[in-house]
Structures are given as structure tokens and as C-alpha cells.
Amino acid sequence: MSRVTESEERALIEAAQNDPGRFAELYELNFHRVYAYIACRIHDRSETQDLAAHVFQQALANIGKFKWRGAPFITWLYRIAANAIADQARKKSRELTETEGAADTSVASDLEQVERRARLFRAVEALPEDQRKVIILRFGEEKSIREIASDLNRSEGAIKQLQFRGLENLRARLREEAELK
Amino acid sequence: MAERSIIDQLDDAVTALLAQREPAPAEAASEIGGELAELVVVARELRGLPSEQFRATLKEQLGGKYMSTAMRETKSNFKRPGFHTITPHLMVKPAVELVDFLKQAFGAVEALRYGSADGLHCEVKIGDSTVLIVGGPTFDPHPAAMHFYVPDVDEVYARAVAAGATSLAAPSDQEYGERIAAVKDIGGNEWYIAKRFDPTPIQDLHTVTVYFHPVGAPKFITFLENAFGAQVVERHQSPEGFVYHAKVRLGDSIVEMGEAHDQWQPMQSAIYMYVEDVDAVYKQALSAGGTSASEPTNQPYGDRTASIKDEFGNTWQLATWQGRV
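Residue numbers (my numbering), protein chains in the order written: chain R, 246 to 426; chain X, 460 to 784.
You can trust all of the hints, since none of them are fake.
When the alpha-carbon atoms are kept at most 30 Å apart in a straight line, the in silico DSS-like pairs for lysine-lysine are as follows:
1. Lys-643/X with Lys-654/X
2. Lys-768/X with Lys-584/X
3. Lys-336/R with Lys-310/R
4. Lys-562/X with Lys-643/X
5. Lys-518/X with Lys-310/R
6. Lys-518/X with Lys-742/X
7. Lys-706/X with Lys-562/X
8. Lys-518/X with Lys-388/R
9. Lys-518/X with Lys-336/R
10. Lys-562/X with Lys-552/X
11. Lys-643/X with Lys-678/X
12. Lys-584/X with Lys-706/X
13. Lys-768/X with Lys-742/X
14. Lys-518/X with Lys-337/R
15. Lys-518/X with Lys-312/R
Residues of chain X placed beyond 10 Å of chain R at every Cβ, according to the derived structure:
16. Glu-634
17. Asp-657
18. Lys-768
Hints in this document: simulated from the structure, not taken from any laboratory. Values in this document were obtained by computation on a predicted structure and should not be read as measured data. All C-beta atoms, glycine included, are put in the ideal place defined by N, C-alpha and C.
The shape of chain X in the complex, shown without the other chains:
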């Protein structure tokens, strides 16, 4: 309790310091004793601490004149460590329960959590991928579909069902070259648990790969190309243009898709996407037909973010990690 008291006393002193426009006299600290007084001295000097936003904005303004090209060409640390370009951003009501499910069923390892059941932000690692889980009872759900590459489809499928997932398709071998099963988790996300027959790795195809079922896949691919500079890696389609399956590269990640059909219908998914220059990509995505959901803003957690909705119902949360310069 004694420490709690000193914590509160310190905050009272900080609040008083921040409320003064003139610098606090040095003697003020001496009225309180010992350790607290020393901390107040540090706090007093911190009063002029520059805002990160100011520092970044000034750099940007100076950069607007001369620095931008040279800086941007060499910039490589625009993603938070541990993140790929594309991260599924699962927004669900039972967020806490979903995290537990992912641990139990898919061996997810929790990397970061804040908030509570009312409003949770959690990051888990599954294989080489990070998955963001955000939500709570009052959140609008935005589940996603994901291709989940595993060494043993049957075992993971059985674990998922045992942990409470609903089976959408039991494991079976598919002629296009993989063994695959499908489950829906308690948050409504679809997981296509798969193992490719061809063991040759596909570059940038990660353990958890976002999967889309757009109505109008060719148009969706064009949007990804124009908005985000996507490159088509694979495209299988009928002579009439019905896209059975496509793999498209965005930065260091691949996203997959197949035209909506039967039970596989569009989901209004959210995707967290790291880009080198969030402002530029935001503008480019708008001119490619996206709609602004939020303008570029610096976030307290160190990312500058903006978000774009595409006409297929997905939300692209664009982010540039600002790191610590």
C-alpha cells in the first residue's frame, strides 16, 4: 500500500507540473521527501518532451522538400517485428474464447494481450504467422477465411472439432493438389486446414494465409493490383473468366481467393497490412476505388494507420510501423 501511495503522490505532482505554464521552481520538489522528490525533478525536466508526432511530421515536412525518395528507397523497417505484410485481423464477439480455442486447437502462442473480455486486443503466433484477435460483446464481427497450412491435416482437424469448431468439410484429397478439411470456429472464422502434395515451398505463402471469396474475383484482383501493387502468382480460371483459385502477392505475403460459390460466400473481413508509406498507399487505394474508413493517423502503439473499405466488403487496415527512430 505504501508504494501505491507514492505512485499517487507522484501523479499528483506530475499533474500539477503539467498544469503550469511557467517552469516549476526547483524548490517545489524539496517540499516532498526523498525518492519522490527525485522523481519529480525528472518529471519537471520531461515537461518539454517533444511529441513523437511533431518529430515525425517535421521529418516528413523536411522530407517533402528533399529527403523522401532517398529515405523511402532504403526503408525496410516499416513492419513491426514479427509481422508480415498481411495479417488476418479477426474481429469477433467471443474474443477471449477465440484466443483459447486457437491455443487449444492450433497451438497458437500468445504474444501480446491487452484489454479484457469487454474489449480485447490479442496477438498470437501460429507457425510463421501472426494473427490479430480483436473484439468483445459489443463489437461488430468481421470474421475471415484463412488457408491454414499444417503438416497433418487430419490431426489438426480432429483437434479443432474437439475444441468446439464446427466441421464444414472432413479431410479429403483434392485433385488440384492438397489434402484439405474445413472448420468454422466459435467466432465464425473459416479455417481451410491443408497440406499441399507438392513439398516445394511457395515463396511468401505463410502458415496462415487470408482467403477471399469475392463475387467478381477478376475485379477484386484488379483492385488489389491498382490499390496495393499486388502481383498475381497463380490464376486458374474457366474460359468464361470464373476464377477457381488465385494466389496474389502483396509485399512479403500471399493472399488467396476463389470466386464465391455454393457455401463459400464473401465474408466482410478485416486485414492488417503493413506498407512502406501509409499515406501514399491510402491515396492510391482511394484512387483505385476504395472508400476511406479512416484517414492516416499516428497511433499510440507506434503505427501510423489508415483504413480503406473495398467494394467487396473487406476492410484494409493500412499501417506503417514508425518504430523508434
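Isolated chain R (complex conformation):
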């Protein structure tokens, strides 16, 4: 989903506050950035997924309490994510050793990297269909070339070609966006 203006975003938040059924639009709009935010910090897929699920569940449960203070909605989601990551780190450090320092709960300064990662995730969706499937199965499902070839009923050589073309296209897309900035 493309970016929305501030007033559109406020309207979406108000709509979700009045009718939680409308939360789906906020979910779609922010999914990649929340996921990228967590993925930049947590390098384990299942932990990333658990945290992403937690962030959206918390956001949905507390959407009524959200107050517009001029900062975009994503900042609120990042805050929930930062707290969740910190909580998890604290839990882990208690399990491991009492001497670990307190985890950083700040939303942190690497948001540019998060944005870049989220743009990359979104760019995957715009790839030609056959490349998109291969990239998603390879990186999103972590399947081998052989497994993807079998799933898609293509040769392994064809899948490697599509992986190559897909990565080339993504690199080009990131370059274009970097030049536009």
C-alpha cells in the first residue's frame, strides 16, 4: 500500500477507533515498517514474527487510547515494538545472567535503515509475478532452489535465473528511490 497523507492517516485512525473492523487498513499500511523495525534488531524469524504479532495485537487492543499529537502513527507502533523488544531482552538476560544491562527502550536512531528495509519489502510486491514468487519463497519461506523448483514446477536453472532477475530489479528499485531522495 502506498503512503498516505497526514490527514488520510488521521481519518484511518479515527475510523479504526470507531470501528475496530477498520484496523485492517492500518495493519496493511504499516505492516512492512513494523516488521522491518523488528527484523533489523532481531535476527531470528520466529522471534520476529512473535514480536510483530504482539505489536499489532497491542495496537488493536489499545487503538481507542491513541491520541494524535502530531507524530505519525508509525511512531506509536515503533514505540510498542521497542518496548516489546526490550521486554524480551530483559526476560532473556534474566534467564542468562543477572549482570546484563537494561535493554535500550528508545525508538533509536537507525530508522533510516528500517525505512530502507521496509521499502525493499514493499518493492518485492511490485516485482513481476514469477520473480516475486521466487523471492518470497526463497527469502520469506527460506526454501531451497530445489524446493521452489518443485513447488513452481520449473527447472532449478529457471528458478536461479528468476532469483537473479528479481534481485537485479530490487537493486534497481532501491537505486531509483535513493536518487529521488
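Starting from the structure of chain R, add chain X where the hints point.
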């Protein structure tokens, strides 16, 4: 050959990246040169790409709390573009040959093909309809019968026979209101090539319309109503309940049927059916007496599918297109 080599090198790098649990150091890419190094950088960032299934499942879980009704009521893009609710899913051994036949005889236009003669998936357009052809020498055949509405019955019949179809009935005018001929193609599918006398179109009656010959048509209609919310559009039957002909609407498509008799006997057909919510329809079809052939699963081609067998021998491949959200 040079490009083939870079493709393989890239895959080696991707395989190594995916095997690491910790993030790969940025310097790793600099050991390989130029273009390849840049692609490895992209691959490294893609390592955390969310799985589509996770994204859809989370949406569903959140939806289970609040979002479902509002979302489902407005959802209209649950079918892949170019598809109607009902698509014949012809499973045959000579799949490649059948595609050639459909092109030659019926002017089919190939829209998608993957696989080979050993295992083919092909989608063709015939008039306003899509027809799926799947198969190969080792596949269990599931041919279907179809009403095929054309402007000129005699011409299409002649082309079909010339292209290798077996004639089941030469063109003739029928008192119920159409000129019709019947052929069997090389995969065992039956095509009832027809032109209605009444030019007024019937809404949702598509160029290629699946036709059933159930033993016990009234019970079959009840199953379609209970399992899939079908609506009867036309029903002609004897006072004893023998259904000569019925048209039943499923979503934006009509399926037709006539009680099995003489040479027109049930075929164990496969039907690809797009529904708004595959999980819900799957459950509903089970409670209506269907048997599960496969549970709801996300497919790599973008559909969430499940399949149901009815007691008449047909397999209903239910699908919800998940599109790109």
C-alpha cells in the same frame, strides 16, 4: 555462459547467507566483485523478508477479534483476474495434446503454461471463460462435460471433428430451444456445442459452462445449495422429480445439469471454484455432506485452496485469491 556463472555464484552466496543465523558482516560482500557484490547486499537485507503466510495469518488472527465482518463484506477481489467463480478443471493424461486441440478446434488462447508433457498446468481462454488443463501420463484423469455456447454450431462441430474429436451427436435443433451437437475430445471431456434460439442473454451463463449428469439431481442441487449457497435459476422436471435440465447459479457463474440417462452418465469432474472465504466455505461444504480431499492451505501461486469431494464423485477445488495486499 558468463551470466550463467554469475547466476550460480549469486545463488551460492544466497545459500550461504540463508544458512547463517547471525547477520552476515557487510565486508563479506566485498570479497566478491562488482555487480555480484551489490546483489548480495540486497539479498542480505532480504533475509528478514516476512513470509506471506505469516502476514495473512496475523491479519486473520487480528480479524478474528474485530476485523472479519467489515473486511469480508467489502471484499470483492477474491478471484484471480480473468476468472469467474466456476472454472472447469480438466485433468487428463494427454494434457499437451488437449491444449493443442482446444486451440485448433475451439480457438482457445493460451494464457499461462508451466510444466511439460510429464506434468502440465495450462490456462486457456475460450470466449469469456477460462479453462484449466492439468495433467500428464501419470495423472488420474478427471474429465468433465461442458456446455459450449457458440455462434455457429455446425462450423465448430466440423472443426472439432476435423481436429480429432469423436462425434457423440451431430448438430440438430432441439425443441427445448437450442441447436446442439456433442463431441468427446481426446482427453475424454464432453463438449455440448450449442446455440440458444432465444438471443436474450442469461446473466452469468458463460461461454464454457460446466454440465453435470448426476444420479439424483435433486439431491445434487440440495448439496450445491447447502454447501455453496447455490441458487436455482431454472429447473425442468417430471412430476416424479426426474430433472431434465436445471441451471444453478454459483457466484457469478451458472452450472447446468440433467439427470444421468442413456449415454449421458456421471463424470468424476474437477471444478475450480473461487469463493470469498475458502475456510468458511470448506467448513460449510463439509457440514453439507462433502468429504475433505485437502484442508485449506496457502499455495505458492497466490491462492488459498482446499478441496471437497461430493458424493456424486466431483471434486470441488475451492480457492480464494490472496492477491497482493
